[in-house]
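K.L.:
Taking the numbering used here, the leading residue of the sequence shown gets 31, the next gets one more, and so forth.
Hints in this document: simulated from the structure, not taken from any laboratory.
It cannot be assumed that every hint is accurate.
Restricting the straight-line Cα-Cα distance to at most 16 Å, the calculated cross-link-like pairs of lysine to aspartate or glutamate (EDC-like) are [what the hints assert, rightly or not]:
no.: 1; residue 1: K191; residue 2: D157
no.: 2; residue 1: K623; residue 2: D587
no.: 3; residue 1: K191; residue 2: D145
no.: 4; residue 1: K434; residue 2: E447
no.: 5; residue 1: K253; residue 2: D198
no.: 6; residue 1: K84; residue 2: E49
no.: 7; residue 1: K434; residue 2: E446
no.: 8; residue 1: K253; residue 2: D277
no.: 9; residue 1: K84; residue 2: E237
no.: 10; residue 1: K78; residue 2: E49
no.: 11; residue 1: K73; residue 2: D83
no.: 12; residue 1: K84; residue 2: D239
no.: 13; residue 1: K84; residue 2: D238
no.: 14; residue 1: K434; residue 2: E399
no.: 15; residue 1: K191; residue 2: E152
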Amino acid sequence: MEESRAGGKTGVSSRAFGERLRTLRTEHGLSLAELSTRVHYSKGYLSKVENGDKPPTVQLARGCDQALGADGSLLRMLIVAPGTAQGTSVPRPTRAITRRDFQQRPAQLPAAVADFAGRGYEIGQLDAMLAGRAPGGMLIVMIEGLGGIGKTTLALHWAHKLRSRFPDGALFADLRGYHPTGVPASPSDILAGFLRALGVAPDAVPEDDADRSGLFRSLMDGKRMLLVLDDASDADQIEPLLPGSADCLVLVTSRARLSGLVVRHAARRLGLGGLPAREAMALLGGVVGDIRVAAEPEAAAELVTRCANLPLALRIVADRAASRPGRPLADLVAELRCESDRLDLLSVAGDDSAAVGGVFSWSYRALPEPAARLFRLLGLFPGLEPSVPATAALLGTDTAYTRKLLDSLAAVHLVEESGRDGYRLHELVRLYAAERVRVEDSDATRDEALGRLVTWYLHTADAADRVLMPQRRRQPLDTRPTVPPLDFADYSGAMAWFEAERPTIVQLTRDAADRRMHDLAWRLPIVLWGFLSLRNRWTDLIDTHQVGLASARAIGDPLGQAITLNNLGIANANIGRLDHAHTLLCQALLLRKEIGDVWGQAAVSNNLGSLLQGRGELTTAAAHHDRAITLFRQVGDQCGEGQALNNLGSAHLSLGQLGEAIDCYQRALAALVGVGDQLAQAETLDSLGSAHQAMGDYEAAVDCHLRAVLMFRELGNRSAEASGLDNLGLALSGDGSGELARDSWQHALVLYEEVNPVLAGQVRARLSGVDAGVV
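Using the sequences and the hints given, assemble the complete structure.
P.N.:
Structure (structure tokens):
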């Protein structure tokens, strides 16, 4: 209910009016509650008027006259001052107090952007909202999004497009919800401005806020008007400004989620994101000229990327480029590549409203301190999509509290929800958060937060790796996370987590090393090893392990160095750098011997044997595998023994010793089945199939290769699956099943084109041979 409506100062005493109102109400046998229902004022407000504690208003007098059949006597009490005889000249009430004819037509819309580009989808959505408005109901449309995303630009563009549909005019107000001063505009002041625009004399604008709102609704009643309320802070700021007329459109922009307007007024919401690439390029071309964009398409595309498709950033960059017509766009791209300087470049000197960082700061300064602290710490996260558990680790608190804080950031669009357990930062927002954490938090605070984050990832990655490679030997992690790590129910879940988090873990390895968290920096790549090797991501594996090796050396940890050198040796062997791989493995073996690590000596000897096979040194390779088998037996590692037997079988196969090879493979399978190592079983089956092929037993070969392929596929090892399919094709071809062989090679080619272009060429040659009838 409305507490009061518009009215000017009256000459009647409040007590006299109240006594008359009570008398009339009593004569009609109405209670305060019943009168409240009829005149739409609260019972408490009417009680105050009757007791003389609240001055009467014109609208109240009119309403009560009608409800009580008083023939205007209450209104007359306001018009005729006490002590003035009937018919005596009295001051006339101002035209603002009575309903005026509203001859003037407000036209307050600021100019729209002349070179507006894009937003076709969003404009279509807005048009659909307008077309689908409920009959008899006022339409409120909210455009929400990050600062600098183009909310006001879109709102004004659409508003100007609709002006002819609202013949009674347009009102505009900047509500300063996220203004640099930190002081939002008061609804009372906005209402006073609206009333003056509607013809109310300044000295007749009611003092009471509720009276202003009531008068505004009265004057807007039945009018077809457009209201644009820009940069709202919350629903409470908007509600007093809403007209009651069903023919009005209210267009609101805000960085906040104005859920109260949705719940209480059925407002429609349009969330605004970054510009699509094509529209961003059109915006850039509109400012710098399409000819320059066409002349440097790659540089223009990178400018869009470096601005993260944020319209404000694009306009600043475009203006900078337009002011330097003689310089190529590539020069500006080079300047923007440095993250630490990018926000400074995306600014206009002396104008915070034309600076990306300045615009973000208005939202940031409005945050309560716990949310502001979390926002700053998100600047340490090496990515744009931190999960809730990872963010909790960064903050050092539980996930429930963390989610609450993240929701408060999402409410002002500093982050956006991106799934059940994730939130997404705009790239430039992340740079601003990184700037804030550097400026406002100490080195110790940053290090503690980053240490908590890296530790959580270390333990969660270890848990995932245990699902992928349960037989793998592991080292104690020697740390405890502040937030429990994730656990994984199955293989696919672990693989999916690694797929999503790989870039983050790779960067965290570098960050940990840079902050001299060396014990974490060498351990993190080790728990990433299994996934990277399964996915053949040798570049990531080498990069992270080189960082880890430097960290292990920095703290003088021989075990960390030995493990890292071994893994680097395997990775380099897989990309064909055999001599360098040999050097690395020999260094790893020497360290294992120095610390008396028998198991480590066995593992490195086994890897050296495989490397030497690749170099054609088969006899020496077999000796290394024999040594590995002996050492694995010595420490009771049946899994390691099975893997070494498989490798020894391959050495015998290459030497043409087929019986010895098949014997080794069968012994290896027995050992590996016993410990449940599926990957090693699949590798051994594939090798055994090749031995059967060499023996001319194609039926047995097909059986082994097919079983291996199915296991590789289940494990998600694309490279091994491709190799198995290639071998299966050879076995099928030898068995006379040419069409099946072709199918197998076709599938292998698809996988090899993803993981190994060189081997893809070999398979393509096989397929050409089939087509030519050679194979």
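K.L.:
Evaluate each hint against the coordinates.
P.N.:
Here's how the hints hold up against the structure:
1. K191 / D157: holds (10 Å)
2. K623 / D587: Answer holds: K623 to D587 is near 14 Å, not above 16 Å.
3. K191 / D145: holds (14 Å)
4. K434 / E447: holds (12 Å)
5. K253 / D198: holds (6 Å)
6. K84 / E49: At roughly 12 Å apart (the allowed maximum being 16 Å), E49 and K84 satisfy the hint.
7. K434 / E446: holds (13 Å)
8. K253 / D277: OK: K253 and D277 at ~6 Å, within 16 Å.
9. K84 / E237: holds (13 Å)
10. K78 / E49: Holds. K78 to E49 sits at ~11 Å (cutoff 16 Å).
11. K73 / D83: holds (14 Å)
12. K84 / D239: holds (14 Å)
13. K84 / D238: Given that 16 Å is the threshold and the Cα spacing comes to 11 Å, the pair holds.
14. K434 / E399: Distance ~13 Å between K434 and E399 Cα, so the pair holds.
15. K191 / E152: At roughly 14 Å apart (the allowed maximum being 16 Å), E152 and K191 satisfy the hint.
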